[in-house]
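There are 2 protein chains.
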Amino acid sequence: METKDLLQQVGFIKEIDKLKYIQRKTKLFNSDRCENDAEHSWHLAMMTIILAEHANQPINVLKVLKMVLIHDIVEIDAGDTFLYDTTKSHDNTEEELLAAKRIFGLLPANQAKEFIDIWMEFEEGFTEEAKFARSMDRFEPLLQNTSNNGGTWAEFNVNYEKVYNKKKVIENGSRSIWNYAESLINDSVEKGILKK
Amino acid sequence: METKDLLQQVGFIKEIDKLKYIQRKTKLFNSDRCENDAEHSWHLAMMTIILAEHANQPINVLKVLKMVLIHDIVEIDAGDTFLYDTTKSHDNTEEELLAAKRIFGLLPANQAKEFIDIWMEFEEGFTEEAKFARSMDRFEPLLQNTSNNGGTWAEFNVNYEKVYNKKKVIENGSRSIWNYAESLINDSVEKGILKK
Chain S
1 METKDLLQQV GFIKEIDKLK YIQRKTKLFN SDRCENDAEH SWHLAMMTII
51 LAEHANQPIN VLKVLKMVLI HDIVEIDAGD TFLYDTTKSH DNTEEELLAA
101 KRIFGLLPAN QAKEFIDIWM EFEEGFTEEA KFARSMDRFE PLLQNTSNNG
151 GTWAEFNVNY EKVYNKKKVI ENGSRSIWNY AESLINDSVE KGILKK
Chain B
1 METKDLLQQV GFIKEIDKLK YIQRKTKLFN SDRCENDAEH SWHLAMMTII
51 LAEHANQPIN VLKVLKMVLI HDIVEIDAGD TFLYDTTKSH DNTEEELLAA
101 KRIFGLLPAN QAKEFIDIWM EFEEGFTEEA KFARSMDRFE PLLQNTSNNG
151 GTWAEFNVNY EKVYNKKKVI ENGSRSIWNY AESLINDSVE KGILKK
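Read top to bottom, the protein sequences are chains S and B. Per the working numbering, residue 1 is the first one in the first sequence, and the count goes up by one each step. Per the working numbering, residue 1 is the first one in the second sequence, and the count goes up by one each step.
Be a bit skeptical, because a hint or two may be false.
Unchecked claim - With a straight-line cut-off of 27 Å between C-alpha atoms, the simulated DSS-like cross-links for lysine-lysine are: (1) S/Lys18 with S/Lys4; (2) S/Lys63 with B/Lys168; (3) S/Lys14 with B/Lys191; (4) B/Lys18 with S/Lys191; (5) B/Lys4 with S/Lys168; (6) B/Lys4 with S/Lys166; (7) S/Lys167 with B/Lys167; (8) S/Lys27 with B/Lys14; (9) B/Lys27 with B/Lys167; (10) S/Lys25 with B/Lys18; (11) B/Lys101 with B/Lys25; (12) S/Lys63 with B/Lys14; (13) S/Lys166 with S/Lys27; (14) S/Lys27 with S/Lys162; (15) S/Lys195 with B/Lys14; (16) S/Lys18 with B/Lys18; (17) S/Lys4 with S/Lys14.
For the record, the hints were derived by calculation from the structure and aren't laboratory data.
Work out the full structure: start from the sequences and follow the hints.
Here's what the structure looks like:
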């Protein structure tokens, strides 16, 4: 192992500490404190190892873990975009691609390539691993909002139809989790914390 | 897949949100803001996937990831114990074992057993995976303290000998990371941010 590689890796480890300062719109469970991207990424990793057995197809859990652990690192440069933002797309932007190249580019070349590839695979969402990782990313804030009396749905006036359309991709990763998620959405309408 | 299992898993996912409120003594890099256990666990997971190639022996990376992601969950009940605490042992305590049984016990029985076993394997530190996971757990605060002008060493009057003895276990997981860690400790003495 080259010492040079280790020094580059330590440089990256220090740089990604900044993810702990990137605030999301969603709040912790039963809380009014915003979650940050590092906490969110840890929670998705935990959800992945616990819920992997619900995946529609067999998945490589290690790969999904890498995806969810790194998926928001680009936000160190590009910032967090709210899922229901009406002026800025949440999809893979040129700004995020530049961020991926700069930040993962701090690593030794082979790892930089591996991480950029995994991040793009997640963004594209075609593979079984990416579908499941994206399910986790949509499922956590749904659990948070239903625990927070509507949370960001109430705060930003997001209605049932928008929520349903954004959350339906959970089904691509796991039909059983989607069935449960759909029941939570319907319950939220009944409780009046999500408007039709 | 049983719906009952999914409901238990969601109960666990909500419970472990509390890890985001458990404050550690160490601070973020170049910062005076304390790190919390969820952020710390995320950072160890990132370090694991980046640094696994430095392990003394081949390791099962997925297992190490599970270890570092869950290793502090018992602190939801038992609280964080400072590595250099002089009145309370940092080792596996009865209090932590009760916490493991209560919190992991929220999961379906087979997963509860898997997680308690993995947590105990980490605590015992005998396997290659546990040795490497423990290296990561000691390496991160070393990087933080050297970035923070001595950090908790200065704040709590911890001297070179105590730091050296606690950090030397890094060698059990990775000799190359330990070589680098040792040089950081020696540099800290030279810079006057760690007292002999």
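Checked hints:
no.: 1; hint: S/Lys18 with S/Lys4; verdict: holds, 23 Å
no.: 2; hint: S/Lys63 with B/Lys168; verdict: violated, 31 Å
no.: 3; hint: S/Lys14 with B/Lys191; verdict: holds, 20 Å
no.: 4; hint: B/Lys18 with S/Lys191; verdict: holds, 26 Å
no.: 5; hint: B/Lys4 with S/Lys168; verdict: holds, 22 Å
no.: 6; hint: B/Lys4 with S/Lys166; verdict: holds, 26 Å
no.: 7; hint: S/Lys167 with B/Lys167; verdict: violated, 45 Å
no.: 8; hint: S/Lys27 with B/Lys14; verdict: holds, 13 Å
no.: 9; hint: B/Lys27 with B/Lys167; verdict: holds, 18 Å
no.: 10; hint: S/Lys25 with B/Lys18; verdict: holds, 18 Å
no.: 11; hint: B/Lys101 with B/Lys25; verdict: holds, 26 Å
no.: 12; hint: S/Lys63 with B/Lys14; verdict: holds, 24 Å
no.: 13; hint: S/Lys166 with S/Lys27; verdict: holds, 18 Å
no.: 14; hint: S/Lys27 with S/Lys162; verdict: holds, 19 Å
no.: 15; hint: S/Lys195 with B/Lys14; verdict: holds, 24 Å
no.: 16; hint: S/Lys18 with B/Lys18; verdict: holds, 22 Å
no.: 17; hint: S/Lys4 with S/Lys14; verdict: holds, 16 Å
Of the hints listed earlier, those the structure fails to meet are numbers 2 and 7, in rising order.
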